[in-house]
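Make a model of the complete structure from these sequences and hints.
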Amino acid sequence: MTVAALARRTPTARRSRRGARSAAGWLYATPTALFVLLLFIVPLLVVGKMSVSNWPLLGGDLGINAPLNYQKAVMNRFFWDSVGFTVKYTVLATVLLIVLGLGLALLVQQSTRWKSVLRIAFLVPSALGLASASLLFYVLYSPFAGPFAHLLAGTGLSFLGTPDAALGSTLFLIVWRYAGFYMLLMLVGLQNIPDEVYEAARIDGAGPLQTFRGITLPLLRPTLALTTVLCVTGSLLAFDQFYILTKGGPDNSTITVVQLIYSVAFQGQNDLGVAGALSVIVLAALVIINIGQIRAFRGKSED
Amino acid sequence: MTRRARVSFRDVAIRTPYWVFTTALAVMFLYPLIWTGVSSVSPHPGTNQVDGWGFGNYITLGNYQAGIWVYLLNTVIVSGLTVLITLVVSTLGGYAFARFRFVGRNALFLLTLAILMVPYATVLIPLYVILTRVGLQNTLLGVALVLTMFQLPFSTFMMRISFEAVPREMDEAAMVDGCTSFSALWRVLLPAVKPGLITVGLFAFLASWNDFFAPLILITDSRLQTLPLAVANLRGQVQGVVDYGATEAGVVVLALPCVVLFLILQRHYVRGFLSGAFKG
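Chains as they are written, first to last, in this note's numbering: chain A, 1 to 303; chain B, 1 to 280.
Hints may contain errors.
[Unchecked claim] Partial list, computed: chain B residues near chain A (C-beta under 8 Å):
hint	residue
1	HIS44
2	VAL103
3	TYR120
4	THR122
5	LEU141
6	LEU145
7	VAL146
8	TRP186
9	PHE212
10	PHE213
11	GLY250
12	LEU256
13	CYS258
14	ILE264
15	GLN266
[What the hints assert, rightly or not] Cβ-to-Cβ under 10 Å is the rule here; a few derived chain B residues that face chain A:
hint	residue
16	VAL118
17	CYS179
18	LEU206
19	LEU261
[Claimed, not checked] Beyond 10 Å from chain B on every Cβ pair, some chain A residues (computed):
hint	residue
20	GLN109
21	LEU130
22	TRP176
23	GLY299
Worth flagging that the hints you see were computed from the coordinates, not collected in a lab. Ideal Cβ positions, reconstructed from N, Cα and C, are used throughout, including at glycine.
Written as structure tokens, this is what we have:
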């Protein structure tokens, strides 16, 4: 400590020391900077260029054609359907996961042995990948091999046969896979509410419902904001579950925006220009939606 | 708050619905996993395990195209590289952000977090073009580099707060004793941030082992497919008839390492969050 204190006393030594520290800081940050620059910033610039260029998958960049790609993107026959479906799915998935995540968290909040067993049971599915979970439910929902196959046989019902059933079945898969994860985030938030506040409410004679509405919900707002942003972002970009489970069907009723981008880029049309334009539209929408959400949560907490 | 030693009839009457309800919930979460494991070895018509119990479905899976071992090895390589590179980059980065002041520090940190806000597809389509140009498209290293980039927001953030939680006196004392900033990191700080490293490593493993979208776009050679891709493609192979048995076996092979690892490390996983990864 004494040597460092001496070094700090003389201004020139201090300046050169600070310069050396700054250089060392950059040295340690260089790998991060390279990853961010080469695999994130450069691709964003390329996708911007792509969206205003005639750029077939195999032909490469054939020059600027703005704004043709954007017109083609919006006029794609699945564009508005996929936007509508993605928004519908996002609203349902977010409401379900936030409500059930909070419900499960309240159920297992205290640390007893049985409750920690429950916590682990709810969390195990979140160790699976979304693709693995989708494959698992693909078999589970199958009218031939699934455990409910003989129950459904003859009734004409199926898990993935109609648009509504396909959406509902996919939502069940998503709740199964993610509810434990959202429960964990809610538990973190609940843990940050001091016991004294509950104690005070109890002394004032507040019932469980009053305590929940008056204390738990308002004090949980930062957590609710974080989980909502996380869930909305994830759901708007849904791909794996629909690609594997429903393949966009039945009757193209479950095509999400990201699936549309994928199919425009790599399946059939092979048009990276239009896919780039769609990607830029999705990026812009996501930024606007997230800024809106953050503002809404911040505005509420100020009054 | 005096606790009665005697369990009254009223207590039991209140508790029983709770026990039934929570048990039912736990069963609902565990049932799909257990069902898949059991039915992958049980007899079922239309699969390669028709008579009696056994591993027929796993043998089918093993003989699928290039052989399951090739896909398993590809997945191990991609996950191994991703975990390794993520740990190195986020440890150095987290150390830089937590302990040094340098020009552009906040801008770089915010840019790293901004990766979270950008759709997977928006970055992957240009990455397909860029990696093709530098010869990394259709390589496992390319996939690992891309997956590492997607891991950086969480892992850099996690390592930064892990280093910030260690008292500054520790590395300052080491530097006074003649350590360079690197040997202070290597000898003194690294053992102190071990829980953070385990959490980051676990997340990087789970994400890269399971990732579907990046290899779907970046890998075109079927011999370089990763396991999730191979199992998803395996479904419609034989004249459009889905082999559900082999698919079940594939799901088990995919899920088992993740579930086992999660159960071993679940304390770290849960504690990593509860220790304040998401505070504020």
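We went through each hint and held it up to the structure:
no.	hint	verdict
1	HIS44	6 Å, holds
2	VAL103	7 Å, holds
3	TYR120	6 Å, holds
4	THR122	4 Å, holds
5	LEU141	12 Å, violated
6	LEU145	6 Å, holds
7	VAL146	6 Å, holds
8	TRP186	12 Å, violated
9	PHE212	4 Å, holds
10	PHE213	6 Å, holds
11	GLY250	7 Å, holds
12	LEU256	10 Å, violated
13	CYS258	4 Å, holds
14	ILE264	11 Å, violated
15	GLN266	6 Å, holds
16	VAL118	6 Å, holds
17	CYS179	12 Å, violated
18	LEU206	6 Å, holds
19	LEU261	7 Å, holds
20	GLN109	12 Å, holds
21	LEU130	7 Å, violated
22	TRP176	7 Å, violated
23	GLY299	18 Å, holds
When each numbered hint is compared with the structure, violations occur for hints 5, 8, 12, 14, 17, 21 and 22.
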